[in-house]
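The residues making up each chain are set out below.
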Amino acid sequence: MALSATTRPDRTPPAKKRDDTRLALLFIAPALIGFLVFMVWPTLRGIYLSFTKFNLLTPPEFNGLDNYVRMVQDPVFWNSMRVTVYYVFVNIVLQTVIALVIAVLMQRLTRRTWLRGAVLTPYLVSNVVAAMVFLWILDYQLGIGNTLIAALGMDRIPFLSSDAWVIPTIAAINVWRHVGYTALLIFAGLQTIPETMYEAGRMDGASEPRMFRSITVPLLRPVLALVLIITVVGSFQVFDTVAIATRGGPVDSSRVLQYYIYDVAFGRFQFGYASAMSVALLLVLVIITFVQYRVTRADSSDLN
Amino acid sequence: MTRRLLAAAAALTLTLLTACGGAGTGGRDGTIEYWLWDSGQQPGYQKCADAFHQENPSLQINISQYGWDSYWSKLTAGFIADTAPDVFTDHLARFAQYVDLEVLRPLDDLGPTSDIRDADYQQGLAELWKGQDGKRYGAPKDWDTVALFYDKAALTAAGVDPAQLQNLSWNPQDGGTFEKLVAHLTIDANGVRGDEPGFDKTHVKTHGLASEGAGGGGWGQTQWSAFAASAGWQVTDKNPWGTHFNLDQPALQDTLSWYFGLKDKGYLPTYAEIGGSNSIGTDKQIQSGIAAMGISGSWMISTFSKLTDANGKKLDIAIAPTPIGPTGKRASMFNGLADSVTTLSKQPENAAKWVKFMSGEQCQDLIGQSGVVFPARPGATDLAIAYNKTERNLDVTPFTNQVRDKTTFLFPVTTNAADITALLQPRLDAVYLGSEPVSSLTDLNNQLNDLFKVAQ
Chain A
1 MALSATTRPD
11 RTPPAKKRDD
21 TRLALLFIAP
31 ALIGFLVFMV
41 WPTLRGIYLS
51 FTKFNLLTPP
61 EFNGLDNYVR
71 MVQDPVFWNS
81 MRVTVYYVFV
91 NIVLQTVIAL
101 VIAVLMQRLT
111 RRTWLRGAVL
121 TPYLVSNVVA
131 AMVFLWILDY
141 QLGIGNTLIA
151 ALGMDRIPFL
161 SSDAWVIPTI
171 AAINVWRHVG
181 YTALLIFAGL
191 QTIPETMYEA
201 GRMDGASEPR
211 MFRSITVPLL
221 RPVLALVLII
231 TVVGSFQVFD
241 TVAIATRGGP
251 VDSSRVLQYY
261 IYDVAFGRFQ
271 FGYASAMSVA
281 LLLVLVIITF
291 VQYRVTRADS
301 SDLN
Chain B
1 MTRRLLAAAA
11 ALTLTLLTAC
21 GGAGTGGRDG
31 TIEYWLWDSG
41 QQPGYQKCAD
51 AFHQENPSLQ
61 INISQYGWDS
71 YWSKLTAGFI
81 ADTAPDVFTD
91 HLARFAQYVD
101 LEVLRPLDDL
111 GPTSDIRDAD
121 YQQGLAELWK
131 GQDGKRYGAP
141 KDWDTVALFY
151 DKAALTAAGV
161 DPAQLQNLSW
171 NPQDGGTFEK
181 LVAHLTIDAN
191 GVRGDEPGFD
201 KTHVKTHGLA
211 SEGAGGGGWG
221 QTQWSAFAAS
231 AGWQVTDKNP
241 WGTHFNLDQP
251 ALQDTLSWYF
261 GLKDKGYLPT
271 YAEIGGSNSI
281 GTDKQIQSGI
291 AAMGISGSWM
301 ISTFSKLTDA
311 NGKKLDIAIA
321 PTPIGPTGKR
331 ASMFNGLADS
341 VTTLSKQPEN
351 AAKWVKFMSG
361 EQCQDLIGQS
371 GVVFPARPGA
381 TDLAIAYNKT
391 ERNLDVTPFT
401 NQVRDKTTFL
411 FPVTTNAADI
421 TALLQPRLDA
431 VYLGSEPVSS
441 LTDLNNQLND
451 LFKVAQ
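Heads up: the sequence lines are chains A and B, in that order.
Here the UniProt record's numbering is used: position 261 in the first sequence is 261, and no number is missing along the way.
Here the UniProt record's numbering is used: position 313 in the second sequence is 313, and no number is missing along the way.
Everything hinted at is true.
EDC-like mimics (lysine to aspartate or glutamate), calculated; alpha carbons at most 16 Å apart, straight line:
{"hint": "1", "chain 1": "B", "residue 1": "Lys-201", "chain 2": "A", "residue 2": "Asp-155"}
{"hint": "2", "chain 1": "B", "residue 1": "Lys-130", "chain 2": "B", "residue 2": "Asp-100"}
{"hint": "3", "chain 1": "B", "residue 1": "Lys-74", "chain 2": "A", "residue 2": "Asp-263"}
{"hint": "4", "chain 1": "B", "residue 1": "Lys-389", "chain 2": "B", "residue 2": "Asp-316"}
{"hint": "5", "chain 1": "A", "residue 1": "Lys-53", "chain 2": "B", "residue 2": "Asp-100"}
{"hint": "6", "chain 1": "B", "residue 1": "Lys-205", "chain 2": "A", "residue 2": "Asp-155"}
{"hint": "7", "chain 1": "B", "residue 1": "Lys-135", "chain 2": "B", "residue 2": "Asp-100"}
In silico contact screen, one side only, chain A against chain B (beta carbon under 7 Å); selected entries:
{"hint": "8", "residue": "Leu-57"}
{"hint": "9", "residue": "Tyr-140"}
{"hint": "10", "residue": "Pro-158"}
{"hint": "11", "residue": "Leu-160"}
{"hint": "12", "residue": "Ser-161"}
{"hint": "13", "residue": "Arg-247"}
{"hint": "14", "residue": "Asp-252"}
{"hint": "15", "residue": "Gly-267"}
No lab work stands behind these hints, which were simulated from the structure alone.
C-beta atoms are modelled at their ideal positions from N, C-alpha and C, and glycine is treated no differently.
Just need the whole structure built from these sequences, with the hints factored in.
What follows is the structure in structure tokens.
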């Protein structure tokens with residue numbers, strides 16, 4: 001009995017399995033080394049540095065919880081937390097709604113490849129270039145955007161130089177750049193929904209909006225949840241647009257957390273304090289991702 | 001996402017492994033790496049470098065120029081990554097921090113620069129570059145003051161005699177003759193001047209005075225420093241190395257109320273009009289007709305002398321001194337640049353030789369004759385004045401008279417400069433925008449003083 005059990009399945013000798021492991025390790029190794037060197041090690045070192053006073057040029061000195069105490073008492077930190085959350089909210093709501101609409105239009109109306117390519121084009125523009133271009137377009141005096149607004153007889157809008165406009169403007173710039181990418185992710189999710197569902201819907205005389213509400217959205221949930229997790233994490237790390245377009249101004253109204261961290265580290269050489277704030281950002285992101293994952297049940301699908 | 005990052009990380013590993021082991025610190029033996037930020041000065045210093053090479057055939061100078069903003073981040077990265085130059089152009093606002101970070105070599109300890117004498121330079125310049133330990137960290141290369149640049153055409157159109165600008169005075173109550181002129185030079189969209197009835201301050205075409213922002217980055221150097229100082233105000237208790245700040249004093253707060261009040265009257269462009277955080281300077285504001293005149297520094301002389309209008313026709317720009325204040329005197333910030341040797345340099349003695357050469361007579365005369373800045377040596381300064389007179393038909397004595405008449409005050413040199421800027425900039429922006437009252441600077445002053453109370 002025992003003999004037949006080992007020989008019967010496809011004549012696979014046990015030795016070959018060991019070969020597989022080696023080969024697998026070989027394939028995993030570059031990624032694993034990269035992960036350890038560029039992800040795990042910097043994270044651990046960053047956490048260590050958050051308990052030190054460090055200016056990068058002289059050795060770090062351990063100072064316990066000083067950085068964290070300072071962080072809790074720092075009004076600029078709390079302000080940048082508020083600004084960041086505000087940005088994420090505007091950015092994610094706009095981006096997800098528009099991306100969903102674009103994806104559904106692509107799915108239901110046309111499936112031309114060039115259209116998909118066109119939707120993705122802004123994503124191919126680097127963040128810095130996008131920020132520069134919009135900085136010029138939206139310039140209060142000379143930008144073509146404001147020139148058009150003035151030509152229409154309206155008052156010029158200080159898009160990037162008033163505290164009320166600056167965060168919505170930066171959020172909109174980044175929506176422009178990322179919406180195509182998000183739409184494609186959602187579009188891929190839409191394609192996993194069987195066409196038969198829609199056929200059944202049509203047979204029952206459901207309208208397009210009704211099918212969107214009762215078929216598309218529920219079945220898209222796991223993909224949408226994943227997209228949200230990715231975009232929210234990315235959105236929290238907004239930096240380049242702020243660094244190029246406003247440098248945190250006017251006053252502190254666009255001083256998002258990542259920019260404040262950068263400023264403290266590379267402008268003021270306080271790498272210990274900057275690390276402490278980075279750890280705080282890490283914690284916030286871990287909590288948000290965890291909650292999102294649980295609330296949206298991203299790991300289960302209603303398709304079965 | 002994770003997979004994408006992993007793949008990228010793996011790819012990076014390979015790239016880095018192959019890319020490592022390239023750049024080192026400074027130049028190879030015999031080539032001295034030298035950095036500066038002002039592209040206008042590069043041709044002049046290239047001449048110096050050539051002259052230096054003739055004197056020292058075994059030594060070469062390689063000059064790299066980076067714009068002001070990227071200059072400092074590149075330098076910082078260079079110190080960290082061991083790719084900093086041997087010698088670089090240093091600024092008073094930054095050098096204290098670099099001394100604290102131990103990246104500057106004391107020039108007294110290097111043979112060629114050990115005998116630099118304070119008396120060879122314009123009074124007070126060389127002393128600014130000594131650290132709290134009394135050692136010299138920079139060899140003075142040039143100096144600057146501020147003055148009023150104006151468009152002669154704007155004055156003619158307003159029927160103002162340019163001679164009038166030589167004796168303007170101001171005070172924080174009604175702005176004096178200075179504010180009268182600024183008001184008169186301001187024109188709204190309908191062509192009504194700022195001092196005429198029916199002036200619409202919300203739709204101004206040309207402002208009387210240009211704005212270079214709130215001035216948080218350099219103690220209002222080209223914004224309000226000339227006014228505050230002529231009202232008798234000083235930034236710190238002593239300079240250099242002050243530890244107590246005076247932002248709570250009425251002399252400053254009254255000056256700023258008046259200065260930023262010009263914006264509410266339509267005489268000064270708003271924060272939004274000059275482009276917010278990415279603001280355009282006085283030169284561009286005069287060029288584009290947003291402003292008729294404005295305060296700017298002597299390092300901008302050559303830029304102003306080349307300004308053209310939309311049709312490519314040269315603008316006729318002239319210079320007037322800063323107005324006389326309540327103390328009965330004018331005032332201008334007196335700032336200067338110097339060359340510093342980095343501790344990362346592998347050939348400090350050679351680097352010092354180059355620094356010594358740049359601070360010497362031969363090079364400074366060459367710089368004076370190129371007419372971009374005022375060299376630190378008095379003799380070379382005279383050459384620069386003569387160059388501007390003959391080559392540009394420009395009288396630059398409003399800059400130099402401030403030094404002659406001793407109406408200058410020195411740039412406030414302190415430790416913690418980066419922290420001070422980080423605190424100062426947003427708060428002054430808020431005052432400029434009008435979202436905070438000038439009295440909020442009293443709180444800011446306490447914060448600045450606290451910076452020096454905690455042991456650093």
